[in-house]
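Chemist: Can you make the complete structure from the sequences, with help from the hints?
The listed protein sequences derive, respectively, from chains A and B.
For the first sequence, the working numbering assigns the number 1 to the initial residue and increments by one for each residue that follows.
For the second sequence, the working numbering assigns the number 1 to the initial residue and increments by one for each residue that follows.
Just so you know, not all the hints are guaranteed correct.
Copies of the same chain look alike in the list, so a pair counts if it works inside one copy or between any two.
[Stated by the list, open to error] Heads up, simulated DMTMM-like pairs for lysine to aspartate or glutamate below, C-alpha to C-alpha not over 20 Å straight-line:
(1) K95 / D185
(2) K95 / E178
(3) K218 / E235
(4) K17 / E171
(5) K95 / E182
(6) K27 / E114
(7) K95 / D47
(8) K218 / D241
(9) K108 / D4
(10) K218 / E171
The set of hints was computed from the structure by calculation and includes no laboratory data.
Protein chains: 2
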Amino acid sequence: MQNDLLLLSSSAVFGMKPLEYALDVVKEFLDGESNLLFVPYALANYDSYTIRVQNMLAPLGVAVEGIHTAVNPRQVVETARVLFVGGGNSFRLLKALQEHDLLAIVRKRVEAGELRYMGSSAGTNMACPSLRTTNDMPIVQPSSFGAFGLIPFQINPHYLDPDPHSHHQGETRADRIEQFLEENDVPVLGMREGCWLRRRASALILGGITGARLFTRKAEPQEIAPGTDLSWLLETRALFDWRG
Amino acid sequence: MQNDLLLLSSSAVFGMKPLEYALDVVKEFLDGESNLLFVPYALANYDSYTIRVQNMLAPLGVAVEGIHTAVNPRQVVETARVLFVGGGNSFRLLKALQEHDLLAIVRKRVEAGELRYMGSSAGTNMACPSLRTTNDMPIVQPSSFGAFGLIPFQINPHYLDPDPHSHHQGETRADRIEQFLEENDVPVLGMREGCWLRRRASALILGGITGARLFTRKAEPQEIAPGTDLSWLLETRALFDWRG
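Modeler: Structure below.
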């Protein structure tokens, strides 16, 4: 397994330009590649989304191709070297990936070391075994919740710490992740906006500026500081639909 | 169609005891019935949830039976007069309702006027055609997103107004509902904590203390004050998977 991944919690961070906090690691990840295949399926307007990403990545001198402009999306995935799956709604994204039959081919090429994978928000969620830890509204129904599975644990992007001053009675993000852990025995990394995961083969590190919370079944959540080596999480045995 | 429904946005409201804001309307809804069949499937611990609801409803002198204590849940639904579907995780709730084959029988008896339906939070979401406007994490995978369909439009429970001071870059609730409306042409009533909907046959009214926001495709959201007659929403023609 040669997986070369860059998983951003989000592209936007308060007070910064889109992707500004991550430009250095994106540059390192690209390693001189100047063409990037972009998957805009998580938003409704593919063209405007692709232009926006082209502008975000302009400082790195990268040419961005929207996968939706190809007559055969599978074919362009077959020859691409770098894939970027953008954020938006995870359910809409996964349904489109299924309809275009892209899940297996992306997984195969990433695992063979032929394709690098970068995700942001919903695109990061999609690198997990399942979308089951998304924050998004289930606005459409994918045929399955199974996703790319490029890592063996789950990520919750845009992770938000509970607000002690809130009057809201709905579940906090931590409550929701605990509900996930009642039904599944799979670690969940709650990634705050402004952090990213970088995987190179069997090495995994948390980077960025904000840190993360790691939730595992029947244990207190752990704080994970930027710079922490998380390679051990790649040994996770994920047990979905496994009541505690 | 004799649908007799009471749909609460939530049981908890800041600064009040559970259900306190709604006790009068619950009493009116019960209309002297002293037995209530409770569906606790949205939380992991059915027994403790049922005891909690029994305590909440104690001021009304109601006996609460947890549906999970029945050998055959379908059979007790066949003879019940009042059903209360409690909140928690909507995906877990819907999956259990499917596994126990309860969707069609509840719909049939409610529409025949033989069974009154009360829901709170996830239980209110379940009265809609689909769970597609839930806030919950998709911790398990139901076989379909189709729900009871006791009303022809969608509800977003625990509706939260956008916070102008937030630094969070994830979607607001209103953003998420707008994404739903990109994929589906179905009105969504965003019900704030502290409001409820009362349906009696073809009459529908918003009650409670906090009001709601009504979202429809390609229109500005409308503010709906407590006391508003919403019967016209029962004429909705819902178009799911209908891109704008």
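Chemist: Taking 20 Å as the upper bound on the Cα-Cα distance, should K218 and E235 be classified as within, between, both, or neither?
Modeler: within (19 Å within a copy, 47 Å between copies)
Chemist: Given a CA cutoff of 20 Å, do K17 and E171 count as a within-copy pair, a between-copy pair, both, or neither?
Modeler: between (30 Å within a copy, 17 Å between copies)
Chemist: Give the relationship of K95 and E182 under a CA distance limit of 20 Å: within one copy only, between copies only, both, or neither.
Modeler: between (26 Å within a copy, 15 Å between copies)
Chemist: Regarding K108 and D4, is the shortest C-alpha distance of 20 Å or less found within a copy, between copies, in both, or in neither?
Modeler: Within one copy, since 13 Å is at most 20 Å while 53 Å is not.
Chemist: Measure nothing new, just compare the shortest in-copy and cross-copy C-alpha distances for K95 and E178 to 20 Å and report within, between, both or neither.
Modeler: between (26 Å within a copy, 18 Å between copies)
Chemist: When Cα atoms must be at most 20 Å apart, do K218 and E171 count as within-copy, between-copy, both, or neither?
Modeler: within (18 Å within a copy, 30 Å between copies)
Chemist: For K95 vs D185, is the C-alpha pair at or below 20 Å within one copy, between two copies, both, or neither?
Modeler: between (25 Å within a copy, 18 Å between copies)
Chemist: One pair to classify: K218 and D241, alpha carbons no more than 20 Å apart. Within, between, both, or neither?
Modeler: within (16 Å within a copy, 39 Å between copies)
Chemist: I want to check one pair: K95 and D47. Are their C-alpha atoms no more than 20 Å apart within a copy, between two copies, both, or neither?
Modeler: This pair counts as within: shortest intra-copy Cα distance 19 Å, inter-copy 37 Å.
Chemist: With 20 Å as the alpha-carbon cut-off, assign the pair K27 and E114 to within, between, both or neither.
Modeler: The answer is within: 18 Å in one copy meets 20 Å, while 65 Å across copies does not.
The earlier numbered hints are all upheld by this structure, with none contradicted.
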